[in-house]
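Protein sequences appear in the order of chains S and W.
Position one of the first sequence corresponds to residue 1 (our numbering), numbered consecutively onward.
Position one of the second sequence corresponds to residue 1001 (our numbering), numbered consecutively onward.
None of these hints come from the bench; they were simulated from the model.
The structure displayed is predicted, hence computed values, not measured ones.
Be a bit skeptical, because a hint or two may be false.
Short derived list, chain S residues pointing at chain W, Cβ under 7 Å [to be verified]:
1. 16
2. 183
3. 185
Listed below are the simulated DSS-like cross-link pairs for lysine-lysine, each with C-alpha atoms no more than 27 Å apart in a straight line [unchecked claim]:
4. W:1104 x W:1146
5. S:48 x S:170
6. S:3 x W:1146
7. S:3 x S:48
8. W:1146 x W:1101
9. W:1104 x S:48
One-sided excerpt, in silico: chain S residues whose CB lies under 10 Å from chain W [unchecked claim]:
10. 17
11. 20
12. 35
13. 37
14. 38
15. 41
16. 46
17. 113
18. 115
Quick reminder that beta carbons are idealized off the backbone N, C-alpha and C, glycines included.
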Amino acid sequence: MEKIVDARGLPCPQPVLLTRDALRESDTVMTIVDSDTARHNVTRMAEKAGYTVQAEEREDGVYLRIVRGEAAPQPAPAPAPAPSGGPLVLVIPSELMGRGEHEELGQILIRGFLHTLNEVSPLPDVIILFNSGVKLVVEGSPVLEDLRTLEAQGVQILACGTCLGYYGLKEKVVVGEISNMYTIAETMMQAGKVVSL
Amino acid sequence: MGLGSPDDATVYRMENGTLLVATADFFAPVVDDAYTYGAIAAANSISDVYAMGGTPFLALNLAAIPSDMPPEIAAEIFRGGMEKAREAGVIVAGGHTMDDKEPKYGLAVIGTVVPERLLLKGGARPGERLVLTKPLGSGIITTAYKSGQASPEVLAQAVPWMLRLNRDAVRAVHATSARGATDVTGFGFLGHATEMALAARVRFRIRADRVPILEVARPLADLWLFPGGTAANEMYFGQWVTFDPSIPEEVRMLLFDAQTNGGILAAIPAAEMDRFAEACQALDQPFWEVGEVLEGEPGIEVVARD
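Using the sequences and the hints given, assemble the complete structure.
Written as structure tokens, this is what we have:
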């Protein structure tokens, strides 16, 4: 008999405590959470204790099906939850593309990449720029036109505020929005797929 | 001095050349006793000035007090904060209190620092040794206690460390030519270590067996009673951290555990380690050597042992 634990709205470690109590009474538990940290903590606790965890993201929360042992007997073995549903996130951690002997090549490549990106399908839903990548969204960047075009097509562009602050470029941002680590971390964790340059 | 990089506190150069250090922090109770809570919150707020190498001298109370809280309880919180501030040589002059369901308390703190003594997250240099001045575990212990999973005796193991000012730890750092330091708080040991490594563009090698962890925290880690902040730290900072496969999961999480008024993490030139140890001894300040600074890909590698 599957036990259901509704841990939505509860701070850690309550979801972990309630799930563990339920696992004492039942080999199969469905824990419903609504935060990434609760999902992470419950999953890690259960896996460490020898359970298998399957997560299903629904409108009203993340449903974690926790089953003793390795193979989870599924009445209708759905195909492995494909990385669909969540947004496609492109991560740009540097103002250069790739690493090599010559910076100039890295600049040529990033210009080429962002220009080409406008013409391929699918477009990313979100572009996250951090570290020296944030230099691409400020005055004087060689890729402003392409980023503006992407933005006009509905691509959300998030530049790491900490990084802009580090380089003293916060006032110079001309495309996209200045974001914070919470949003960046959340966007990456909720992504259907993350592509990192 | 508009420091363009994130650090523990804001530094401002006044017209006469003096560097002012300003910071503010406040949080909800981590212990039951009102006086102790006030003192821990004050020590935690003041710590950011120490982490910059500064000397604090003035503070303002920042508080949220529920309207139904007995006035004598609120007074105890303020008294705890004021006496801890006095221990640090800080005058608390006023502040602001608002009404809220859950109490919150902390200080806005002002200090000064001379440029040669400024300690920055980005100050670590390859070849230096990493030292930590308090054991880890306050996050999981206070969280477990709040949810009824840890006894007052367990909590009591963490309280003296949370109460302890980071003043002497920084005095010992200042006995050397070290420039890289931070205090270990909400992002946990590995989160703050990552910030330092990335800011200095260096690689930290951490020896997991040398990182001090309060013994009473380990059974709580086995039960996975980590606060949400600790899980968030691992999810975010994990991208820059690699672990030796032999290091157990719960130890990895303890290294990410969000700390309340944790210790100073500093990079000390190898040749000055003796001087640092002597200064610590003279000040009765414990410390643990937990790793070293290397050249290479900025980030952290955690090894089990040498």
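Taking the hints in turn, this is what the structure says about them:
{"no.": "1", "hint": "16", "verdict": "5 Å, holds"}
{"no.": "2", "hint": "183", "verdict": "12 Å, violated"}
{"no.": "3", "hint": "185", "verdict": "5 Å, holds"}
{"no.": "4", "hint": "W:1104 x W:1146", "verdict": "15 Å, holds"}
{"no.": "5", "hint": "S:48 x S:170", "verdict": "43 Å, violated"}
{"no.": "6", "hint": "S:3 x W:1146", "verdict": "26 Å, holds"}
{"no.": "7", "hint": "S:3 x S:48", "verdict": "20 Å, holds"}
{"no.": "8", "hint": "W:1146 x W:1101", "verdict": "17 Å, holds"}
{"no.": "9", "hint": "W:1104 x S:48", "verdict": "35 Å, violated"}
{"no.": "10", "hint": "17", "verdict": "6 Å, holds"}
{"no.": "11", "hint": "20", "verdict": "7 Å, holds"}
{"no.": "12", "hint": "35", "verdict": "7 Å, holds"}
{"no.": "13", "hint": "37", "verdict": "4 Å, holds"}
{"no.": "14", "hint": "38", "verdict": "7 Å, holds"}
{"no.": "15", "hint": "41", "verdict": "5 Å, holds"}
{"no.": "16", "hint": "46", "verdict": "9 Å, holds"}
{"no.": "17", "hint": "113", "verdict": "22 Å, violated"}
{"no.": "18", "hint": "115", "verdict": "28 Å, violated"}
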